[in-house]
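Residue numbers (the numbering used here), protein chains in the order written: chain L, 1 to 314; chain W, 1 to 195.
It cannot be assumed that every hint is accurate.
[Unchecked claim] Which stretches of chain L does chain W cover? Using the computed rule of at least three CB atoms under 8 Å from a CB of chain W, they are:
| no. | stretch |
| --- | --- |
| 1 | 91–97 |
| 2 | 104–115 |
| 3 | 157–168 |
[Said to hold, decoys possible] Calculated from the model, a selection of chain L residues having no Cβ within reach of chain W, i.e. all distances over 12 Å:
| no. | residue |
| --- | --- |
| 4 | Ala-120 |
| 5 | His-130 |
| 6 | Ile-187 |
| 7 | Gly-194 |
| 8 | Glu-205 |
| 9 | Val-278 |
| 10 | Gln-284 |
| 11 | Ser-290 |
| 12 | Arg-299 |
| 13 | Arg-306 |
[Said to hold, decoys possible] In the DSSO-like style, the derived pairs of lysine-lysine whose C-alpha atoms are separated by at most 27 Å in a straight line are:
| no. | chain 1 | residue 1 | chain 2 | residue 2 |
| --- | --- | --- | --- | --- |
| 14 | W | Lys-95 | W | Lys-157 |
| 15 | L | Lys-266 | L | Lys-292 |
| 16 | L | Lys-292 | L | Lys-206 |
| 17 | W | Lys-32 | W | Lys-66 |
| 18 | W | Lys-94 | W | Lys-69 |
| 19 | W | Lys-144 | W | Lys-94 |
| 20 | L | Lys-291 | W | Lys-150 |
| 21 | L | Lys-206 | L | Lys-266 |
| 22 | W | Lys-94 | W | Lys-146 |
| 23 | W | Lys-115 | W | Lys-69 |
| 24 | L | Lys-206 | W | Lys-157 |
| 25 | W | Lys-94 | W | Lys-150 |
| 26 | L | Lys-126 | W | Lys-31 |
| 27 | W | Lys-95 | W | Lys-31 |
| 28 | W | Lys-150 | W | Lys-95 |
| 29 | W | Lys-69 | L | Lys-126 |
| 30 | L | Lys-291 | W | Lys-157 |
| 31 | W | Lys-157 | L | Lys-292 |
What the hints contain is simulated information worked out from the structure, not anything from laboratory work. Ideal placement from N, C-alpha and C gives every residue a C-beta, glycine not left out.
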Amino acid sequence: MRGRVVPGGRFCGGFPRAVGGALRVRRFPAAVAEDCRSGERRACAVSRRGPVMAATAGDAGAAGAEDGAAGPVRDGAETGEPGPGAVEAPPPALPGLQLVQQGAEARVYRGSFLGRAAVAKLRFPKLYRHPALEERLSRRRTAQEARSLLRCRRAGIPAPVVYFVDYASNCIYLEDIVGAIAVQDHIYSVQRSGSDASSLLGLAEKMGQLLARMHDEDLIHGDLTTSNVLLRPPAERLDLVLIDFGLSFISGLPEDKGVDLYVLEKAFLSTHPDTETVFQALLQSYAAASKKSGPVIKRLDEVRLRGRKRSMIG
Amino acid sequence: MHLTHPLELFPERSVTLLLFNRVQNAAALRKKAMEGSIEGALINPAMIVDPFQVLVAANKAVHLHKIGKMKTRTLNAEIIFNLSPNNNISDAFKKFGISDSDTAVLIVLVVDREKMVNLEDIASQVEGQQVSLDELPQLTDIAKVKKIYKITPQEEKIGTLLDEKGMGWYTMAPTDGCSVGQQLQRCTEQQIRSG
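Bound conformation, chain L alone:
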């Protein structure tokens, strides 16, 4: 189990969350934690964490009690006793802190920052990675995400405002969109209440336009799922906001944009059964709104023919 390496590829972050966003709990067998690992972890962690830990050590204890579901969070390095499931990153020291979600990549907290409701996204260190790679990878992902969020804002694409990026602890402090619900939950509630076609088509049209604008800026989201698009309250206004740019990058290639749409299609159709017409409407709206959509849709059709259990002819 220790030897299993999670591929850092495009899809790994997306699908687990698409399946209902369940909390993932990391549990390391106790045997792993002890002798050989503890020394190594202590050595590399202390050198990395110094100033940040001093400021947040006091709060780690308090916040640790709150995220019981996510497994105990402790400064394993300082106490010298890692314990099972101990991940070393102390949660950010914000008042009113509570854990919203733990994903494979990062932990998301809610709290208040400088008087505003904020979300703190903390990329905690992955102990299965080599520390040198870990450092570089986490920092690069954090920087990439911050950069993409800013690029979106510059282009007029709705995304949360970035308040502060802490490169020492790889934590991003963003605007919290109070009362927002994920498009996933919105679709669930609409489907449960019976009415299907009309309201969802409006949503599909808006989404298509939003994605068209994003791709026209050559920005690839990388992890498009219905739980990564939020609706600002009130939900009827269809005011969409894109979040989670952790796997995003800049590219002008129709291939990458086609793959981006393919990821969304797969996530959409697997989490929301009987919504083929809705996705069709989304694609039509995308094609109408984007100037460069021709090649992208063509690539999307080609990408559909690839993948698992597909015959690669031609």
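Knowing the structure of chain L, use the given hints to seat chain W on it.
Frame of chain L; chain W shown alone:
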């Protein structure tokens, strides 16, 4: 009348903002600030849309100061530098610091919670009237803000001016300096010191 806000990420520190209007001795104040005899950063309130803007800049400045990666030499200079979208320190001072002909001044102090800060002392050095921060919007020059931060009409549609105006710029470059950069910084700071 003044506004004090604790910095959540740095529990011992808090930021205090003081706004003064109808200021006469802006030139003298600027000189005093450059020598370092005034404890706070002197900012031109025309460029400030909301106190939150200053809080974010101060937060980043304190963070960089703590990890020893500031680009300027003092914490107060760093606050002014962080307000600017450019990576040029003297440019930041020109645009966001006070000039000799200014009639309003915003003073920002970063203090340790326990240390008693003497607001009257600072207020007495300013020949002007201290006003509440609620008057800040009246002093803001919105057109100039939009120009300096290059805010496009598309951006304005998705958020308030405060959100756009540069939250991003505070977070842009990761903090690993190179020797060339540091040399450049040192020489621009010389320019500032010599006026």
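_Ascending list of hint numbers which this structure does not respect_ = 4 and 26
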